[in-house]
Amino acid sequence: MIQPPAIPEIIQLIPLKSYLILSTALFVIGIIGVLTRRNAIVIFMSVELMLNSVNLLLIAFSSYRSDPTGQVFVFFIMAVAAAEVAVGLAIIVMIYRNTRTIDINFLKKLKG
Amino acid sequence: MLTILLVLIPIVTGLLALSVGGRTVRQLALLGALAELVTAVVAWTQFDPAAGTQFGFKYTWIASAGISFSAGIDGISLLLVLLTTFLTPLIILSTFGYDYKNSSAFYALILFMEAALVGVFTATDVFLFYLFFEAALIPVYFLAAVWGGENRLKVTFKFFVYTIFGSLFMLVALVYLYFQTPGEHTSEITALYDLILDAKTQSWVFWGLFIAFAIKMPLFPFHTWQPDTYTESPTPATMLLSGIMLKMGVYGLIRLLLPIVPLGLAQWGEVAIVLSVIGIVYGSIIAIQQRDMKRLIAYSSFAHVGLMAAGVFSTTLNGLQGALIQMLAHGINVVGMFFIVEIIYSRTKSRYLDHLGGITQKTPHLTVYFMILLLGSVALPLTNGFVGEFLLLAGVFEYNNWLGAVAGLTIILGAVYLLRMFQKAMFGAPSAASESFKDLTVSERAVLIPLAIMVFWIGIYPSTFLKMTEPAVHQILRFINS
Amino acid sequence: MYPIVLLSVLGIVVLYLGFLKSKSILLPATLLFLVVAMIGNFFEWNDGELLYFKGMFAVNKLTLTFNAIVLFSAFMIVAMTQGFQDNEEAQPAEYFALMLFSLVGAFMMIGFENLIMLFLGVEILSVAMYVLTGSDKRNLRSNEAALKYFLMGAFATGIMLFGIALLYGASGSFSLNGIESFVTLNQRSPSYLLYAGLLLVLIGMLFKVSAAPFHFWTPDVYDGAPSIFTAFMATIVKTAGFAALFRLLSHSFSGIYDFWWPTLSILTVLTLLVGNIIAVYQDSFKRMLAYSSISHAGYLLIALTSMTKQTENAILFYSMAYSFATICAFGVLIPVAREKSLEGRPNESYEAFNGLAKNNPLLAFVLTVSMLSLAGIPLTAGFWGKFFVFSSAVERELVWMIIVAVLMSAVGIYYYFRVIMAAYMKEGDTATIRIAPFYKIVLIAATLLTILFGLAPGLFEAAM
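Chains as they are written, first to last, in my numbering: chain A, 213 to 324; chain U, 3 to 484; chain E, 25 to 488.
No lab work stands behind these hints, which were simulated from the structure alone. In this text, a Cβ means the ideal position worked out from N, Cα and C, and glycines have one as well. Heads up, some of the hints might be wrong.
Simulated crosslink set (DSS-like; lysine-lysine; CA at most 30 Å straight-line) [to be verified]:
| # | chain 1 | residue 1 | chain 2 | residue 2 |
| --- | --- | --- | --- | --- |
| 1 | E | K333 | U | K351 |
| 2 | U | K103 | E | K47 |
| 3 | U | K103 | E | K382 |
| 4 | E | K364 | U | K202 |
| 5 | E | K450 | U | K103 |
| 6 | U | K364 | U | K440 |
| 7 | U | K156 | E | K45 |
With the C-beta cut set under 7 Å, the calculated list includes, among others, these residues of chain E facing chain A [said to hold, decoys possible]:
| # | residue |
| --- | --- |
| 8 | Y154 |
| 9 | V428 |
| 10 | V430 |
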């Protein structure tokens, strides 16, 4: 295996484990938000939180491995997330126009 | 080449029938079925019983999996092909007096059914066998569900799910066996005969196959779909079901179950034979209480098939030969009986014994044919039923005296319910329903005469057919005992 | 590779065509573009294994065949739109362009060699589908379906991304080869990052293919979306999703088969049970098709779980048979539901099909063949799909899974036959429904292919 280049000391001040714990915590908060909140915008924000926890994790791994691909991936995630926001907000606005609410509990037309 | 012709003729005629439509369709269907019969008879004349599987045909189907479209005819196949091709034209002819809506679809389905049945009896590749085994179900389901009686939807649905469910287990068993073949996997039936499996595996495979065939025949306790389906189906479908399709189950036992899993049979054969014998007695006793003629014959058929299965599971030469000849005889008798019930029903609008009576006085002809077919079913000497039941009972006695004795009840009980039906329907004072009973038409006679001839042919000179099947049965027995 | 480039460009061309006054050119143009992409797809047929974008994207016979299935399904679905002529508010140019773009996403999911590519493919496909699901803007049901699909889809993407990040943390690579070499090197010593990452990626992907217990969005979304886009979702998204799952598991993670198969087998059994049993209780045909698509995800998962030599063939054949049959089912549902519409809304219940055979024998026949194929009855392509799937499970001797699958196949017959019985045996009057000749040709072609592959499944292999 190719020996990776040395990791700058400034990064090593905080161990990788801390990044892992922080981003996992953010991720879990995001999941809980999606599962418990009823407002479409808040759910959407929780999803964004999940994505950002991923970004944080990727950057941490990338720095610790001195491997830039992880950071490239982060750009992709940000770009795609922006596209998703555009579509998602459009859908929410469309619903608001029709129902004057964005509480997902009001959306019960579809029942099996 | 003849084999592929046998499968193709009904399909082509069926497609033609679909595209033609109109009143000529029944003549077309009859013509196709007769052409099929001629082909089968040609095969019969060229057939050499000692030469094993003949008229073989093989076409690579799924190359990488070693599955081929291969079919051929040996003695056992030929017997059942003859039965199928003999009965189908008669079944088509039997519909000439009636009008079925959408007749082109109706006759096309009968012909597709015939093709699938011939396919089952001639396939020499297990997956091809399975495919035809299942494919036969689709036409008969539609025949019963579209043209059937009041309750048809529920009843035919139960029948369909029941049988598909059983055969899925067979499929899994067959796929398993296929993976056990050495080297490049193959699904030739003869390759599966050579498999050496341990006793535990064999008992699994045994149940997989047994349930599929037991549901199809049906054996006790898998029979609950049968009486309702037979009663609700239009009579041609009932004839196909009871006359031919039921034989697929017995054929499957002989062709696959016995030679592939002899050790499984050694472990579970007793259970199977006891179930068969219970079915005989149970079916007979219920038949005695029936008032509906169609239902009565359905239960009698259930009892008879129990005896066939018992003969097969006795794994004796007599039992197997008896089962084969009885398949032929039962097919002829039951089709004839259902047809007579249909004749009576079409004239009196009733199948209930309480409403009937005194038909003899109105039509002596019908009485004669009815009597002949009835005596065949009761197994009077010199009729077809006698040969089969005698051999079957001999086989079961060889296996176990007690079981033989119980199975022997079938003759006594059979005489009870059949003669009771005959007496109630035909004798006595004419009832209101049978007051204006018309005599048989030409087409009705044309159905009944060949059936009556066959009753005596098999009864008086059964060796025409027994000789045909004997080498093949010996071969099967060799695999069981090796 | 060609289809990706072609469809990306041609999608934009379709958008420009939308500026023309006459909308009638859009449908033939889109169909032509799909044919062009199909031809482009086969340009690389004999080139063996190709890699593009620095090894991030692979082209080989497997991916090309998946592409062909997806393209063919898309062709049939687009042909069935009839150019959205009868809908005043429709924006056909945008719909067609979005469909072409979503196909690009599907191709990326099929051919990915790098998890970045997988992520992009999933997102391109999904974002386009969110819009199409909500395309019936004034219809609250469509709105609701779009919102549910969007929130659940984004949620699933988030989970998958976290899994990808963990895989990267464990192996230091996003490429399938890099992860594979890491997995083979560390087969003995477990890396929890890797295991957790794999599980999260699997959950994210299983969301997309609607496997239980991540299926809860499926019935609502399938039910609420306009039928034509439901057909798109049920066939193309599912095929691409399973192609991606197959490549991921067979390529990178075959080294730790013992780790993931027990998990996957539990989910498989659960999916089969949920899909089939709940489908029985549906009164709406469309909703039944949604549950049926869950149950078919279960059968495909059987093939994935067993992961034998046969799996590749089984998944290809199964997804093809399933796609054709599903397209036929929707192809019949759309005109029938419109004909029988209640209060301005298409009637998608079973009752709408009562007595269909009397005046519309062709539609009834197409429906019957597609239902038989979905139920896996012999002489249809669906039977061989099930056959190959069961074979792979039997080869691994996954006894319990087979028993559940067999039982559930029998249950499946119940709900598939309900509509056949309605069409042929129930009383009802459906006026003769006029269908465009091209629509008819597509339905007949899909039906004939279903029967053809049912009679001669070897043809498919010969084509490979």
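Structure versus earlier hints, numbers of those that do not hold, lowest first
Violated hints (numbers, rising): 1, 2, 4, 7, 9, 10; every other hint is consistent with the structure.
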